[in-house]
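There are 2 protein chains.
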Amino acid sequence: MKLQNDLFLRAAKGEKTERPPVWLMRQAGRILPQYRALRASLSGFKELVTSPALAAEVTIQPIDELGMDAAIIFSDILVIPEAMGLDYEMIPGKGPVFPSPLTSSKAILDLEFGSAAAAKLTYVYEAVQITKKELNGRVPLIGFCGAPWTILSYMVEGGGSKTFSKAKKFLYQYPQDAHVLLQKITDTSIFYLKNKINAGVDLVQIFDSWAGILSPAQFLEFGLPYIRQMCDAIHEVPITVFAKGAWFGLDKMGKLDCDVIGVDWNTYPSIARHLVGPDKVLQGNLDPCMLYSSPEKIQKATLEMIEKFGGQHIVNLGHGVYPDTPLDNVRVFVDTVKNYAYPQ
Amino acid sequence: MKLQNDLFLRAAKGEKTERPPVWLMRQAGRILPQYRALRASLSGFKELVTSPALAAEVTIQPIDELGMDAAIIFSDILVIPEAMGLDYEMIPGKGPVFPSPLTSSKAILDLEFGSAAAAKLTYVYEAVQITKKELNGRVPLIGFCGAPWTILSYMVEGGGSKTFSKAKKFLYQYPQDAHVLLQKITDTSIFYLKNKINAGVDLVQIFDSWAGILSPAQFLEFGLPYIRQMCDAIHEVPITVFAKGAWFGLDKMGKLDCDVIGVDWNTYPSIARHLVGPDKVLQGNLDPCMLYSSPEKIQKATLEMIEKFGGQHIVNLGHGVYPDTPLDNVRVFVDTVKNYAYPQ
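Those protein sequences? They're chains A and B, same order as listed. Residues in the first sequence are numbered consecutively from 1, following the working numbering. Residues in the second sequence are numbered consecutively from 1, following the working numbering.
The reader is advised that the hints may include incorrect statements.
Derived contacts from chain A toward chain B, CB cut-off under 10 angstroms, selection only [stated by the list, open to error]:
id, residue
1, Leu171
2, Tyr172
3, Gln176
4, Gly212
5, Tyr322
Covered stretches of chain A, as calculated for chain B (at least 3 residues, CB under 8 angstroms) [said to hold, decoys possible]:
id, region
6, 154 to 160
7, 266 to 278
8, 288 to 298
Keeping only pairs whose Cα atoms sit at most 25 angstroms apart, straight-line, the calculated BS3-like set for lysine-lysine is [as the list claims (entries may be wrong)]:
id, chain 1, residue 1, chain 2, residue 2
9, A, Lys308, B, Lys252
10, B, Lys2, A, Lys166
11, A, Lys252, B, Lys133
12, A, Lys2, A, Lys46
13, A, Lys166, B, Lys94
14, A, Lys338, A, Lys252
15, B, Lys308, A, Lys162
16, B, Lys300, B, Lys2
17, B, Lys297, B, Lys308
18, A, Lys166, B, Lys252
19, A, Lys300, A, Lys16
20, A, Lys297, B, Lys166
21, A, Lys252, A, Lys46
22, B, Lys2, B, Lys46
23, B, Lys94, A, Lys162
24, B, Lys162, A, Lys166
25, A, Lys94, B, Lys166
26, B, Lys133, B, Lys194
27, B, Lys13, B, Lys194
28, B, Lys46, B, Lys162
29, B, Lys94, B, Lys13
30, B, Lys252, B, Lys308
31, B, Lys300, B, Lys338
32, A, Lys120, A, Lys46
33, B, Lys166, A, Lys162
34, A, Lys297, A, Lys13
35, B, Lys162, A, Lys46
36, A, Lys300, A, Lys252
37, B, Lys13, A, Lys94
38, A, Lys300, B, Lys300
39, B, Lys106, A, Lys94
40, B, Lys133, A, Lys162
Derived by calculation from the structure, the hints in this document are not laboratory data. Owing to the predicted nature of the structure, the values given are computational and were not obtained by experimental measurement. Built from N, CA and C at the ideal position, the CB exists for glycine as well.
Isolated chain A (complex conformation) (with noise of 0.2 angstroms):
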């Protein structure tokens, strides 16, 4: 099907648009009145995430509402573990929790992998072609999953943390088994996104929202290879990396065969620019708490970060939204960019 609105893919793909396109990290989600309404008639997340009509209502609301130029799927990226056998329990208030963290090599040897792993997330793949129905061309669709060592954090650590020193404590006691289970959720997060693709995603992101606590070492050995081989087998569709916090590796991230790459909002866009190179169109990357100003500054602060990365560049956020985001700023935002027109 013909999208109406294919601004956001030829920006990804590095064509030279009219405007820059706009969407926001956790746009589906509790900055939304109808969002709040649907998960309070619910059991918990977990039951909107495994339900694909529900997971598909949710993503489009956004679409509706505030009219982004693309829509993300709601899912979570621990399914993933989930598939490999880890269970987690998303508890309010807290976040994920796994009962039963790894923490032996044996428990590392003993998780499925692979496609047969990625098989079992039926309820995403239905989820995805759900949306791409109601969708109905409208805009694009966003497939995505969590960079392999952001995965493995929450299955060693047990569940969030501020310092994740459990997790790079593994690292650093047990490289070897780390590069076990790394490998294990690189493969079955390529099986993965390449499901979701078939089932129509339109572009693939990947996140790795913990990179930045990693050193520079530890990310060129831990992080980024796993990363590179998710990008080498996926070409079906552009792919997005967004390392949060990983600035110290952005000129390496630059060379890899991705499309776009996230910026979080402690980057200047010329430092992103230099580091990363001419090839890739930049996403981001407005601090998540300008949401909590005025009118009047979110649309400035929107027009000068649009100007400062001057083109080859998707308007986002640094960060996923804030759940507590007053609905109308979120609008003001929108808004600035979708009312922006490029100098000719």
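Got chain A; can you put chain B on it based on the hints?
Structure of chain B alone, referenced to chain A:
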């Protein structure tokens, strides 16, 4: 009193030294069995902070046990909010909690500040005096405080956080109130550091632990100017500024009237030197998690780090040592530096 080991101070002042000095952030603490034994006999963390003789005892423990080239007074950055009238509690397993975080302009206006607030912290100054006496010139003593933004972040957020989004929201929504509060914290901290210097500390370090969650623009507006005021006000002893995660501000920090710039473990030494420029001594930056590794790897990584900095360097970790670090591994780290000699 003349110092028997003045290597740390000579290095901090930019003099050429025979080897880099070494100490660890959080060296006085849970890595030491003698600390844990003392701590277990007390009602809580705050009893230790507010008891001068005990604070002095734990300050000296790591010098006795591991022989670092500097001691750092055992205390907490949150004594400043408390002196300003905002009490905190230290909850085991959770960290600091402010029962009444700041939420109004009036609460900020009501805070005490400046010399009157700083004068309340007599237990810190007494701890410094006792420590200096008991150290008896063995090594220099470091005094410290939090940078104004980091102190504000706890006072507004009400405790620790992964995102400090409430504190950042406060900067965006109430910038004028934020500046009033930051100025009050700055005024108090300057008197506090001067009192510590009068009591005997040989160098002061300013910890901006949460600088890295600010956008570059926020760091320039709400972070750096107050650190600059502090640097401009203190000339009695050398000053170290450590703004964790604020790689984007290293070039501006290189122009502060201070002596040493702390470098976190995410930052390549060569990039830190390039950004800071030639005039400052750099302190850091081994990944604290590296100390979970084997003695051989710790030694190798420590020597590589020393060579990468290539002089004008004080060896430390890129963040505080983690409490569960094996003591023998800390010993390997310290001894590797002490057995090193710069090439002639």
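Taking the hints in turn, this is what the structure says about them:
1. Leu171: OK, holds: Leu171 of chain A within 10 angstroms of chain B, min 8 angstroms.
2. Tyr172: 4 angstroms, holds
3. Gln176: Given a least distance of 13 angstroms, the restraint on Gln176 of chain A is violated.
4. Gly212: Result: holds, 7 angstroms to nearest chain B Cβ.
5. Tyr322: It holds, given that the least Cβ distance between Tyr322 of chain A and chain B is near 5 angstroms, below 10 angstroms.
6. 154 to 160: Per the Cβ count (1), the hint is violated.
7. 266 to 278: Coverage by chain B holds here, the residue count being 4 at a Cβ distance below 8 angstroms.
8. 288 to 298: Our answer is that it holds, as 6 residues pass the Cβ test (under 8 angstroms) against chain B, meeting three.
9. A:Lys308 x B:Lys252: 20 angstroms, holds
10. B:Lys2 x A:Lys166: 43 angstroms, violated
11. A:Lys252 x B:Lys133: 52 angstroms, violated
12. A:Lys2 x A:Lys46: Given that 25 angstroms is the threshold and the Cα spacing comes to 33 angstroms, the pair is violated.
13. A:Lys166 x B:Lys94: 17 angstroms, holds
14. A:Lys338 x A:Lys252: Distance of about 32 angstroms is beyond 25 angstroms: violated.
15. B:Lys308 x A:Lys162: 28 angstroms, violated
16. B:Lys300 x B:Lys2: 35 angstroms, violated
17. B:Lys297 x B:Lys308: Holds - the C-alpha atoms of Lys308 of chain B and Lys297 of chain B are around 16 angstroms apart, at most 25 angstroms.
18. A:Lys166 x B:Lys252: With a Cα-Cα distance of about 34 angstroms, the restraint between Lys166 of chain A and Lys252 of chain B is violated, given a limit of 25 angstroms.
19. A:Lys300 x A:Lys16: 23 angstroms, holds
20. A:Lys297 x B:Lys166: Given that 25 angstroms is the threshold and the Cα spacing comes to 18 angstroms, the pair holds.
21. A:Lys252 x A:Lys46: 36 angstroms, violated
22. B:Lys2 x B:Lys46: 33 angstroms, violated
23. B:Lys94 x A:Lys162: Answer holds: Lys94 of chain B to Lys162 of chain A is near 12 angstroms, not above 25 angstroms.
24. B:Lys162 x A:Lys166: 17 angstroms, holds
25. A:Lys94 x B:Lys166: 17 angstroms, holds
26. B:Lys133 x B:Lys194: 19 angstroms, holds
27. B:Lys13 x B:Lys194: This hinted pair holds, its Cα atoms lying about 19 angstroms apart.
28. B:Lys46 x B:Lys162: 23 angstroms, holds
29. B:Lys94 x B:Lys13: Roughly 38 angstroms separates the two Cα atoms, so the pair is violated.
30. B:Lys252 x B:Lys308: It holds: about 22 angstroms lies between the C-alpha atoms, which stays within 25 angstroms.
31. B:Lys300 x B:Lys338: 14 angstroms, holds
32. A:Lys120 x A:Lys46: Between Lys120 of chain A and Lys46 of chain A the Cα gap is close to 15 angstroms, so the pair holds against 25 angstroms.
33. B:Lys166 x A:Lys162: 17 angstroms, holds
34. A:Lys297 x A:Lys13: 31 angstroms, violated
35. B:Lys162 x A:Lys46: 23 angstroms, holds
36. A:Lys300 x A:Lys252: Violated. Lys300 of chain A to Lys252 of chain A sits at ~32 angstroms, over the 25 angstroms cutoff.
37. B:Lys13 x A:Lys94: 46 angstroms, violated
38. A:Lys300 x B:Lys300: 50 angstroms, violated
39. B:Lys106 x A:Lys94: It is violated: about 32 angstroms lies between the C-alpha atoms, which goes past 25 angstroms.
40. B:Lys133 x A:Lys162: 38 angstroms, violated
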